[in-house]
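As they're listed, the protein sequences go chains A and B. 1 is the number of the first residue of the first sequence in the numbering used here; add one for each residue after it. 495 is the number of the first residue of the second sequence in the numbering used here; add one for each residue after it.
Simulated from the structure, these hints should not be mistaken for laboratory data. No false leads were slipped in.
Coverage of chain B stretches by chain A, computed from C-beta distances (three or more under 8 angstroms per stretch; other residues unrestricted):
id	region
1	502-516
2	522-531
3	708-720
Estimated spans, in silico, between C-beta atoms of each pair:
id	chain 1	residue 1	chain 2	residue 2	range
4	A	ALA326	B	ASN841	52 to 60 angstroms
5	B	ALA567	A	GLU101	31 to 39 angstroms
6	A	VAL100	B	ASP641	43 to 51 angstroms
7	B	THR550	A	PRO202	47 to 55 angstroms
8	B	GLN496	A	LEU99	31 to 39 angstroms
9	B	LEU568	A	GLU101	29 to 37 angstroms
10	A	GLU101	B	ARG625	52 to 60 angstroms
11	B	GLY940	A	VAL100	52 to 60 angstroms
12	A	LYS474	B	LEU593	53 to 61 angstroms
13	A	VAL100	B	ALA567	35 to 43 angstroms
14	B	THR550	A	VAL100	20 to 28 angstroms
15	B	THR550	A	GLU101	18 to 26 angstroms
No residue lacks a Cβ here, since even glycine has one placed at the ideal position from N, Cα and C.
There are 2 protein chains.
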Amino acid sequence: MQNPNYTELCRTWQRLYRYNHAASILGWDRNAMMPAKGNDARAAAEAELQALIHRTRTDPKLAEQLRAAEGEALDDIERANLREMRRDWRDANALPEALVEAKSLAAAQCEHAWRTQRGNNDWNGFLDNFRDVVRLAREEAQLLADDSGLSRYDALMDRYEPGVRAADIDRIFGDVKQWLPQLIARVQAKQGNDRVTEPVGPFPAAAQRALNLEIMQQLGFDFDGGRLDESAHPFTGGVPEDVRLTTRYNEDSFVQSLMGTIHETGHARFEQNLPREWLSQPVGVARSYGIHESQSLSFEMQLARSREFTGFIAPLLTKHFGSQPAFDPDNLYRLLTRVKPGLIRVNADEVTYPAHIILRYEIERPLIEGEIEPEDIPALWDDKMQTLLGQDTRGNFKDGCLQDVHWSGGAFGYFPSYTLGAMYAAQWFAAIRRATPDLDARIAVGDFAPVFEWLKANVWSQASRWQTPELVQKASGEALNPAHFRAHLEKRYR
Amino acid sequence: MQNPNYTELCRTWQRLYRYNHAASILGWDRNAMMPAKGNDARAAAEAELQALIHRTRTDPKLAEQLRAAEGEALDDIERANLREMRRDWRDANALPEALVEAKSLAAAQCEHAWRTQRGNNDWNGFLDNFRDVVRLAREEAQLLADDSGLSRYDALMDRYEPGVRAADIDRIFGDVKQWLPQLIARVQAKQGNDRVTEPVGPFPAAAQRALNLEIMQQLGFDFDGGRLDESAHPFTGGVPEDVRLTTRYNEDSFVQSLMGTIHETGHARFEQNLPREWLSQPVGVARSYGIHESQSLSFEMQLARSREFTGFIAPLLTKHFGSQPAFDPDNLYRLLTRVKPGLIRVNADEVTYPAHIILRYEIERPLIEGEIEPEDIPALWDDKMQTLLGQDTRGNFKDGCLQDVHWSGGAFGYFPSYTLGAMYAAQWFAAIRRATPDLDARIAVGDFAPVFEWLKANVWSQASRWQTPELVQKASGEALNPAHFRAHLEKRYR
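Please work from the sequences and hints to get the whole structure.
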């Protein structure tokens with residue numbers, strides 16, 4: 001047999017793909033379908049599957065097979081697949097089981113307590129648990145760093161954004177900090193004069209669902225390969241062959257559910273258009289969290305909050321909810337592009353959002369590198385919040401450094417993906433615009449084909465063929481360049 | 495550690511329980527939720543899980559552990575659990591893999607061809623494949639017989655109805671044949687004078703669903719531990735902690751969906767009331783197909799087709815569908831108890847149904863024992879159909895011996911479970927009636943507690959504590975006695 005080691009590795013990862021299929025559907029079901037009393041048995045079944053997956057990924061024979069496969073006669077795709085197998089294998093094997101367990105326990109305890117401590121504004125109580133989480137995350141980062149030759153923080157970030165380094169982020173965020181605060185101030189001054197008419201509800205859940213389904217159809221979602229359901233926290237789940245989106249309905253407002261569905265549809269189309277012939281192998285998996293987010297933000301921010309798209313969507317709102325003054329396209333556009341600095345990241349608009357991310361990055365990177373300690377966080381937070389967004393957070397831990405779940409769960413290195421995603425999206429749209437000079441006119445009439453064709457050719461079909469920086473270079477002809485994001489914001493909000 | 499072998503076995507079966515949880519939810523999802531393009535990936539994931547389950551059940555170390563556990567100090571429940579483990583283990587291990595595969599292939603080929611051959615009335619085409627299925631099923635039966643000391647047919651039937659033997663079935667069905675044909679004739683003569691008003695549709699699916707949910711509630715279904723959804727072929731799926739019922743809606747008639755939902759609710763309450771402390775172990779599994787069917791038929795036939803229940807349900811029909819003459823309780827009762835001999839088993843009423851089963855049993859038993867050959871089936875079918883139901887099936891293979899999927903798939907020994915279930919149900923209700931003399935009056939006012947309490951104490955809570963004949967004896971104070979079934983039919987249809 002040709003390439004016996006590589007072939008055997010493909011079999012193992014195909015088996016993992018199938019186990020993960022089961023785990024993914026069970027997870028979707030837990031969130032979208034399962035009644036309360038199913039929880040304990042489901043948790044046990046999911047844990048059993050995760051244990052099986054872990055045993056499979058840490059099978060001792062993989063080390064030798066991965067080594068031997070390096071010497072086999074592989075083509076480019078196979079070599080990329082082998083690289084991704086090794087990434088996945090390293091992820092599972094770099095850390096001793098005792099550390100994985102200790103970190104998982106500490107994180108679970110810290111996150112559980114955080115759920116009440118946040119409401120009580122109890123930073124000191126949080127700190128007691130959080131010190132352990134940071135200590136173990138640093139140990140983890142050190143072991144990953146030893147294994148990969150990266151710095152500690154880079155080693156953590158590499159799991160979410162392969163190939164992107166803190167040096168890149170420093171350069172990019174450093175640039176953004178030069179112009180973002182002034183831009184925010186200018187937009188606020190300008191929007192101070194805008195009159196925005198609020199839509200008047202109620203908007204029945206059934207009508208919102210019908211609207212969402214129609215928009216998903218227009219955005220190319222394949223309903224033979226996926227579904228839209230409801231869950232408390234909207235997400236994109238399922239498997240590439242059967243993508244399960246969820247949303248939730250608030251009858252007082254349709255905006256959250258509509259924009260959320262458009263956002264998740266971006267994730268879904270990436271999954272639905274991954275190359276079928278690579279599925280079941282690591283090279284066929286969607287590339288990185290930042291690239292995934294670039295798809296949801298291409299749909300939600302670049303496309304759906306444009307003036308052209310609001311013109312397209314206005315008649316659909318009237319069709320599903322009846323006519324009202326707020327559905328005037330210009331008014332809708334003002335509604336969907338309002339900018340207001342605030343304390344809470346998840347409520348932030350597209351302009352102020354990056355400031356929230358920069359702040360977190362500038363705290364978590366030195367924290368992991370050992371340059372600051374957990375007790376230094378509040379003062380840094382207050383200072384950066386004042387500088388970046390002009391907000392006073394002193395003493396308000398609840399809406400400050402206690403607001404996110406990420407750190408309590410020990411997920412350091414993830415935050416940059418959010419803003420990288422927004423920047424990639426702007427860079428994709430700049431490229432699409434170069435390729436299709438009449439893009440806005442086509443969006444205005446509901447012809448989104450230029451967007452979908454470009455994304456399919458340059459992102460969706462590439463799956464994990466390249467590391468993130470190579471993908472960005474090949475797709476857009478240049479490295480990640482925050483000037484596109486800036487130009488997008490300047491144009492839309494100037 | 496006390497009982498180390500037994501303890502280790504419990505761990506293995508707990509793992510199997512969790513793998514089966516995953517398999518069961520995936521199966522439910524495939525039928526109730528999955529869009530078309532999800533099929534191939536799902537089939538691969540389900541097959542991978544089944545292979546894993548098979549590897550776990552055939553782990554060579556189990557043989558010695560089962561042997562050693564026999565000598566450990568087990569209590570009664572543990573000993574029953576060990577008995578059920580051995581049954582499950584024997585099921586997976588008694589047959590050589592080559593035979594399992596050959597039979598599975600032959601059955602798949604025969605069943606696949608049957609789907610078109612049935613429509614073409616093509617008995618001879620069917621026979622070509624069916625000979626192989628029978629040959630392999632006899633081999634399988636012989637190996638199971640060698641292993642267990644039972645006869646061939648008993649060995650097959652024991653997988654569905656543990657402890658019940660052909661000698662029991664011969665006695666029971668022999669008795670039924672003495673009185674059933676005359677009863678059918680008498681009921682037909684009597685019902686010839688009945689005037690039945692048909693309900694007039696359409697009955698919107700949403701209203702049918704609301705009615706079904708209300709009836710499920712009244713029948714004690716726990717919606718915190720289960721759901722009602724739709725599928726092409728209604729079934730009870732999921733897991734005991736989270737039971738998933740399905741139905742389908744035909745807007746021309748609500749009867750099929752309503753009675754189907756009541757039927758599945760009987761299955762569901764068994765699952766929802768299995769003793770929680772035994773779940774995850776074989777002793778905690780619902781006992782046998784016949785006993786399971788006795789629960790669905792207790793709900794659908796004994797309870798829901800009674801005159802008292804139609805009185806209870808009539809106002810609910812009016813509530814959900816509006817008023818109409820057909821909803822008069824006496825008319826509803828006539829509608830739900832109409833008897834009409836026909837060719838097709840799945841369309842048969844409660845009185846003629848056993849004749850269909852007896853006919854199949856009297857063919858499949860000698861077929862497996864080698865007393866008749868596949869080519870003898872049509873003549874036997876014609877003859878028995880004439881004797882038992884007065885129907886002429888000569889030359890009509892389509893609506894005769896080609897109508898069921900069971901034989902083409904090699905599932906011999908299953909058919910008796912259907913009628914055993916109906917008989918157990920009649921026997922349970924006779925016992926309930928002895929314990930609760932005013933049962934009918936209580937059913938008439940929607941008080942079903944005496945039924946549920948008796949079933950819970952005597953059947954649901956017993957799970958697989960006993961083999962079927964012991965369970966019947968303990969629950970009702972006597973062995974399976976077809977006189978109760980006869981008395982039930984005589985009373986309802988006299």
